[in-house]
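Starting from the structure of chain A, add chain B where the hints point.
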Amino acid sequence: MTEPVLEARGIVKNFGRVRALRGTDFTVNEGEIVALVGDNGAGKSTLVKVLAGVQTPDEGEILIDGVPVTIDGPVEARRHGIETVYQDLALAAELDPAANLYLGRETMRGRLLGRLGFIDDRAMRGESERLFAELGVRIQDSSAPVATMSGGQRQGIAVSRAVAWASRIIFMDEPTAALGVVQTRNVLDLIRRVRDRGVAVVLISHNMPEVMDVADRVEVLRLGTRVASFRVADVSMDQIIGAMTGALDSKGAENGS
Amino acid sequence: MAVERPSAPELPPGEVIAEEDAAPAKPRWTALVAGSSLWIGLILLGLVTAFSIAAPNSFVSVANARNIATDASVLLVMAVGQTFVIITAGIDLSVGSVLVFSGVISAKAMTLVGGNGWGTMLVGLLASLLAGFAWGIFNGFLIAKAKINALIVTLGSFGMALGLALVITGGVDEREVPTKLVDTIGVGRLFSQVPWLVVVAAVVALIAAIALAKTRFGRHTYAIGSNQEASRRAGIAVDRSLMKVYAISGTLAGLAGFMALSRFATTTVSGHSTDNLSTITAVVIGGTSLFGGIGTVLGTVFGVLIPAVLQNGFVIVGIQPFWQQVAIGAVLILAVYLDQLRRNNWQ
Chain A
1 MTEPVLEARG IVKNFGRVRA LRGTDFTVNE GEIVALVGDN GAGKSTLVKV LAGVQTPDEG
61 EILIDGVPVT IDGPVEARRH GIETVYQDLA LAAELDPAAN LYLGRETMRG RLLGRLGFID
121 DRAMRGESER LFAELGVRIQ DSSAPVATMS GGQRQGIAVS RAVAWASRII FMDEPTAALG
181 VVQTRNVLDL IRRVRDRGVA VVLISHNMPE VMDVADRVEV LRLGTRVASF RVADVSMDQI
241 IGAMTGALDS KGAENGS
Chain B
1 MAVERPSAPE LPPGEVIAEE DAAPAKPRWT ALVAGSSLWI GLILLGLVTA FSIAAPNSFV
61 SVANARNIAT DASVLLVMAV GQTFVIITAG IDLSVGSVLV FSGVISAKAM TLVGGNGWGT
121 MLVGLLASLL AGFAWGIFNG FLIAKAKINA LIVTLGSFGM ALGLALVITG GVDEREVPTK
181 LVDTIGVGRL FSQVPWLVVV AAVVALIAAI ALAKTRFGRH TYAIGSNQEA SRRAGIAVDR
241 SLMKVYAISG TLAGLAGFMA LSRFATTTVS GHSTDNLSTI TAVVIGGTSL FGGIGTVLGT
301 VFGVLIPAVL QNGFVIVGIQ PFWQQVAIGA VLILAVYLDQ LRRNNWQ
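Those protein sequences? They're chains A and B, same order as listed.
When we follow the working numbering, the leftmost residue of the first sequence carries the number 1, and every step to the right adds one.
When we follow the working numbering, the leftmost residue of the second sequence carries the number 1, and every step to the right adds one.
Treat the hints with care, since some could be wrong.
To be verified - No more than 20 Å apart at the CA atoms, straight line, and that leaves these computed lysine to any residue pairs for SDA-like: (1) B:Lys-214 <-> A:Asp-121; (2) B:Lys-214 <-> A:Val-54; (3) B:Lys-214 <-> A:Gly-117; (4) B:Lys-145 <-> A:Val-54; (5) B:Lys-214 <-> A:Glu-127; (6) B:Lys-214 <-> A:Phe-118; (7) B:Lys-214 <-> A:Pro-209; (8) B:Lys-214 <-> A:Asp-120; (9) B:Lys-244 <-> A:Arg-115; (10) B:Lys-214 <-> A:Ala-123; (11) B:Lys-214 <-> A:Arg-115.
Said to hold, decoys possible - Far from chain B, some chain A residues (derived; all Cβ distances over 12 Å): (12) Arg-19; (13) Arg-22; (14) Arg-79; (15) Arg-111; (16) Ala-233; (17) Ile-241.
Stated by the list, open to error - Quick look at which bits of chain B chain A covers, simulated, 3 or more residues with Cβ under 8 Å: (18) 59-65; (19) 128-136.
Keep in mind that the hints were calculated from the coordinates and are not lab data.
Keep in mind that this is a model prediction, so the values were computed, not measured.
In this text, a Cβ means the ideal position worked out from N, Cα and C, and glycines have one as well.
Chain A with its partners taken away, still in its complex shape (with noise of 0.2 Å):
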C-alpha cells in the first residue's frame, strides 16, 4: 500500500491533569474518507486540534506524506494542505460569503493598488459563486451577512471554503450535527464529492448510520488512544459501538488498515 497521507504517531496530549490523549495513533490515506468516532471525551476533537495545528502535541510524531512534520499553528497545518471545518464553523458572521471564504487569503488588486494593501472583491465573489455553485451550496445573496444565512447554508459556506484551499486533508468536526435531515444529506453528498476531487476527508461524528453510509474507513478512539480501525465494508455497527465503549477490546483492531 502507499504511504499514508497522514499519520499520527503517539499522541499525547494534557490539559493540566487531564489527559486528554494518551498515545494516540491516527492515519489517514489518499482520497478516502475516514470517520473519527468515540464516545464523548474520548479525544476526538483534541486530535483533530493537534493535527490542524490548533493545539500543540506534548508528546508523538505527525508525519505528512511519510515525511515528520511540525504542526505549530493553522497557517502551518494549512502549508501542509490541511484544512478543518470547526464545529462552531469560524464564520465571520458579521461579513458575506466571500469574505469568509477568503478570510486571511484575500486575492490581492494587480500591480501598485495591490501592492498598496487594495483587495480584489470582484474577483472574490466571482470565484465564490463559482464553487458555491460547483458544490452545490444554495446562497441567495451573495453580498449578505452570513449572519443572516441559515444553518445548512453557513454549514455550506465553511466547507467550500476548506474545499476551496485544501490539498490534502480537510478535517470535519460534526459537520451536521446542527442541520436537518435534507441538509445533512447535502453535506454528505458534498463530504463525497470532496473525496472524488483526491482530497481525504476526516469525519467526527457521533452519527453512526451516517458513518456506515458516507465513511470508506473507521477509527475509534477510547480514552484518549486508537483502540480500532475497520475497513466499513467489513464491519457492523454493532462492532463499532462495541469498540467505542470498550465491550470489544482490541477485537478487530487494525484489520483495515
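What follows is chain B alone, placed relative to chain A:
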C-alpha cells in the same frame, strides 16, 4: 465595547428543516434600517431641512456651514480613529487626553525650536503625531499582547495622558504657539473658502473610508471585530492588526491635538474630558456596532455632524442649546436599539 458576544443559538440536532430554508423574508423597514448608514444620512438631511425652514436667513449661509464644519473637524478626526477601534469590538476612552497631551508636547517642541516659520510648524506637527502614536501603541500593546480589557487600558491611559500633560504644563495652558500656525492652518482657508481644518478632516475621513472598505487591513479590521478567534484561525495576525488600529486612533488624536492647537492657540488642557464620549456617540449614531464587525466612516461623518448641526440650529432658532444634549442622548439610545434589532433579525 469589549463584551463577549453571545454565540448564535444552535439549532437543536435532528430538527428537520425544509429544503428552502433561507432566512425568512423580513419586513421592509428593518431591511432598510439594517442596510446601511443611509437612515442616519436621512436624519441629518431632515435636520438641515428643518432648520433651514425655521431660520432661512441665518442657518442657511456659507458662514454658518463653515462654522459647523470647523467645529466638527477636530472631533471628526478623532471619531475616525474611534470607528476603526469600535469595528474591532474595542473602545478607546483615551482620545481626548491624548489630544491634550499631544498638543502640549507639540507646543513645547515648537517653543524649544523657536521661530515662526513652516519648519517650526512641521516640528510641532511631527511631535504631536508622534506623541499620539506613542499612546496608541501603548494602548494597543496592552490590549493585544497583555490581553487587558480595552475599556480599562484606555481608561487608564485617559488618566495618565491627561495627568502627564498637567505635570508638564504645571496645570497652566501653554499659550506660546507660533502666530503663523494660527493664521494659516488655524483660521486660514483653502481658496479663501474652505477652512484648512475642514480640509484636513475631510482628507483623513476619505483616506480612512477607502482603507476600511477596500484594503486587506480594512477587511481584517472587520473580521477581527466579527470573530476574533476565527480570524486567528484563518491566519490573520490579530495582535498586530489590533495594535495598528489603536496606533491609528492614537495618531489621529495627536493630529486632532495639533488642529486644536492651531485653532485656539492654546492647549486647552481642561477642555477635552468628554471627547471620548462624544466620539463614541458619533461613531455609534453613525451605525457602527459596539459588538464589532459593522461600521463605516461615512456613518461616522454623519454621526459627528448631527450633534454639531443640532447645537448650531438650536442656538439659531432660539431653543435652549441644552436640549441638544437631550436629543443626542435619545438618538444614541435609538441607534444602539436599531443595531440590536438588526442583530435579532439575524438568527
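Cross-check of the supplied hints:
no.: 1; hint: B:Lys-214 <-> A:Asp-121; result: holds (8 Å)
no.: 2; hint: B:Lys-214 <-> A:Val-54; result: violated (30 Å)
no.: 3; hint: B:Lys-214 <-> A:Gly-117; result: holds (8 Å)
no.: 4; hint: B:Lys-145 <-> A:Val-54; result: holds (19 Å)
no.: 5; hint: B:Lys-214 <-> A:Glu-127; result: holds (18 Å)
no.: 6; hint: B:Lys-214 <-> A:Phe-118; result: holds (6 Å)
no.: 7; hint: B:Lys-214 <-> A:Pro-209; result: violated (47 Å)
no.: 8; hint: B:Lys-214 <-> A:Asp-120; result: holds (8 Å)
no.: 9; hint: B:Lys-244 <-> A:Arg-115; result: holds (18 Å)
no.: 10; hint: B:Lys-214 <-> A:Ala-123; result: holds (13 Å)
no.: 11; hint: B:Lys-214 <-> A:Arg-115; result: holds (13 Å)
no.: 12; hint: Arg-19; result: holds (25 Å)
no.: 13; hint: Arg-22; result: holds (26 Å)
no.: 14; hint: Arg-79; result: violated (10 Å)
no.: 15; hint: Arg-111; result: holds (15 Å)
no.: 16; hint: Ala-233; result: holds (27 Å)
no.: 17; hint: Ile-241; result: holds (19 Å)
no.: 18; hint: 59-65; result: violated (count 0)
no.: 19; hint: 128-136; result: violated (count 0)
Hint compliance for this structure: hints 2, 7, 14, 18, 19 are broken, all remaining hints hold.
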